[in-house]
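If you read the sequences in order, they're chains Z and X. Mapping of the first sequence onto this note's numbering: position 55 corresponds to residue 55, and the numbering continues sequentially without gaps. Mapping of the second sequence onto this note's numbering: position 112 corresponds to residue 193, and the numbering continues sequentially without gaps.
Derived from the structure by calculation, the hints contain no laboratory data. These numbers come from a predicted model, not from an experiment. One should not assume that every hint holds.
[Stated by the list, open to error] BS3-like, lysine-lysine: derived pairs with alpha carbons at most 30 Å apart:
1) K67/Z x K93/X
2) K93/X x K43/Z
3) K22/Z x K67/Z
4) K196/X x K38/Z
5) K38/Z x K147/X
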Amino acid sequence: MKVKVKFFAFLRERVGTGEITKEINEGSTVADLWATLKKDYPKLAPVEMRLLYAVNRNYVNPDYALKESDEVVFVPPVSGG
Amino acid sequence: MFRVIREPIDLKELVTYVTDPSAGAIATFIGTTRNNNEGRRVIALDYEAYPEMAEKELARLGAEAKQRWNIQRMAIVHRIGPVQITEPSVIIAVSAAHRDDAFQACRFAIEEIKKSVPIWKKEVFEGGEVWIGTQSGQRLPRR
């Protein structure tokens, strides 16, 4: 199945693009997806900051099971204001 | 009114929005770009957002403020893109019957924005640039 992944700020610069479509296995969790992306984009591998995970514009836990066409965002430390 | 915009923020527009006949107080907060940070000479702040979710999170924290304090109306507008020294990056306006509720809800809103709303600032300083917050850990938003 396919999911959409959007990258912002620090992660967008590391990946070099703001949005990708990614083919993943059925039943993959958000944490599984992050592990896969770290292999696809070696520049993500050293990212040790604490990330939040958002699916379809809601914060979710890392064990959230993804579904077809979900919009996933890995949220680096926010710094608005 | 909960918005993320690219243009300069109009304080008057927010105050007009929260003006209410039953309100005896309007509190406002204006976050501005400062010319220095941790010993660096700051040139500008460059903000980026996940706009759809940021507006949703702003509305969520507005609803939470409404549950916790006796307030009439709230408006939050956050600017993205480059924000020059002295310019506002965020403005909050809250109306309430009494000033305590207005002040507290306003304070709550800015603190929550810094914790859970997907907006990021890159500091452009003399000699480089840095995404603020990427060097340290992050607290999880309350759920």
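For each hint, the structure was consulted:
Only pairs whose Cα atoms come within 30 Å are accepted, and K67/Z paired with K93/X is rejected, the gap being roughly 44 Å. Taking the CA atoms of K93/X and K43/Z, the gap is about 44 Å. The hint is violated against a cut of 30 Å. With a C-alpha separation of about 12 Å, the suggested pairing of K22/Z with K67/Z holds against the 30 Å cut-off. Taking the CA atoms of K196/X and K38/Z, the gap is about 25 Å. The hint holds against a cut of 30 Å.
The hinted pair formed by K38/Z and K147/X fails the criterion: a straight-line CA distance of about 41 Å is larger than 30 Å.
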